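Engineer: Sequence:
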Amino acid sequence: MSSVIKADEPGHEAIRPFEIPEGPPVALRPVSSAEPAAGFIPTLLLTETQDRVQDLESWITARRAEVEAQARERAARIEREAFEQGFQQGERAGLEQGKKKLEPVLRNFMGLVQELSRLREELITGAEEDLLDLALAIAAKVIVSEVTQHPEVLREIMRAAVRQAVDRGSLKIKVHPSDLAFAQECRPDLMGVMEGIRTVTFEPDESLLRGGCVVETKFGEVDARIESQLREIRRGLRGE
9 MSSVIKADEP
19 GHEAIRPFEI
29 PEGPPVALRP
39 VSSAEPAAGF
49 IPTLLLTETQ
59 DRVQDLESWI
69 TARRAEVEAQ
79 ARERAARIER
89 EAFEQGFQQG
99 ERAGLEQGKK
109 KLEPVLRNFM
119 GLVQELSRLR
129 EELITGAEED
139 LLDLALAIAA
149 KVIVSEVTQH
159 PEVLREIMRA
169 AVRQAVDRGS
179 LKIKVHPSDL
189 AFAQECRPDL
199 MGVMEGIRTV
209 TFEPDESLLR
219 GGCVVETKFG
229 EVDARIESQL
239 REIRRGLRGE
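In case it helps, the working numbering puts the sequence shown at residues 9 to 248.
Hints in this document: simulated from the structure, not taken from any laboratory.
As the structure is a prediction and not an experimental result, all values here were calculated from the model.
Honestly, I wouldn't trust all of these hints.
Stated by the list, open to error - With a Cα cut of at most 25 Å, we get these calculated DMTMM-like pairs of lysine to aspartate or glutamate:
no.	residue 1	residue 2
1	180	224
2	180	235
3	180	213
4	149	138
5	180	211
6	149	240
7	226	175
8	149	213
9	226	214
10	180	203
11	226	203
12	226	213
13	180	197
14	226	197
15	149	235
16	180	193
As the list claims (entries may be wrong) - Now the in silico label distances, taken between C-beta atoms and shown as ranges:
no.	residue 1	residue 2	range
17	193	73	51 to 61 Å
18	153	188	14 to 24 Å
19	195	138	36 to 46 Å
20	202	239	34 to 44 Å
21	242	172	36 to 46 Å
22	145	207	48 to 58 Å
23	149	200	25 to 35 Å
24	77	188	50 to 60 Å
25	193	66	38 to 48 Å
26	66	200	44 to 54 Å
Idealized CB from N, CA, C, for every residue including glycine.
From just these sequences and the hints, can you work out the full model?
Structural biologist: Have a look at this one:
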């Protein structure tokens, strides 16, 4: 899902988006340092978002069927009325005259059907975009709520991000200010994630959502923001 973008300056690594580990959903529960659960929050995020998107897709499918059924019903009614009108006129003034009377009615009918089809597609397309945005916004709130109640999630996100860092000599980890104290408590655990880590420092960043982080090194950074994961999921759902 994620891609690595080359840096403009030689010898420097660009921002490396955090990759969501694959695997079955993991039930939310406290995690000890002796029992790692990499991919904890991304799995929760994927499960929550996919469930909501599936619900929305079901609604859209039902709505599409409803619109199509209404269009078919209206088309059949107009066709019957037009035929009856033409037949009655044909009886009075001859079949040929009835057909001529019927032609403009049928043209209007076809134009109406085309307009209904166009409006239907616009409605469905617009609804899909709006509902997808709504589902992802709800998912973000759920994640922040879960992180607030279970700060262990942040530790697992930081551990997974540190593993993806190319340079592990000196690491600076940015977190939301409300997560700073807990993140600092995790320093000993993070120091032991991989060999070669000499220092780990932390910096508060109000632009981050709770539960996410950015790991900076001298060669680049690993983006493990929650909002970045939402953007990646959105692209995947839209097939981009």
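Engineer: Could you run down the list of hints and mark each one as holding or not?
Structural biologist: Right, here's what the structure says about each hint:
no.	hint	result
1	180 - 224	holds, 5 Å
2	180 - 235	holds, 20 Å
3	180 - 213	holds, 12 Å
4	149 - 138	holds, 17 Å
5	180 - 211	holds, 7 Å
6	149 - 240	holds, 17 Å
7	226 - 175	holds, 7 Å
8	149 - 213	holds, 18 Å
9	226 - 214	holds, 22 Å
10	180 - 203	holds, 16 Å
11	226 - 203	holds, 17 Å
12	226 - 213	holds, 19 Å
13	180 - 197	holds, 15 Å
14	226 - 197	holds, 22 Å
15	149 - 235	holds, 11 Å
16	180 - 193	holds, 15 Å
17	193 - 73: 51 to 61 Å	holds, 54 Å
18	153 - 188: 14 to 24 Å	holds, 19 Å
19	195 - 138: 36 to 46 Å	holds, 43 Å
20	202 - 239: 34 to 44 Å	violated, 27 Å
21	242 - 172: 36 to 46 Å	violated, 21 Å
22	145 - 207: 48 to 58 Å	violated, 37 Å
23	149 - 200: 25 to 35 Å	holds, 33 Å
24	77 - 188: 50 to 60 Å	holds, 56 Å
25	193 - 66: 38 to 48 Å	holds, 43 Å
26	66 - 200: 44 to 54 Å	holds, 46 Å
Going down the numbered hints, you'll see the structure goes against 20, 21, 22, while the others check out.
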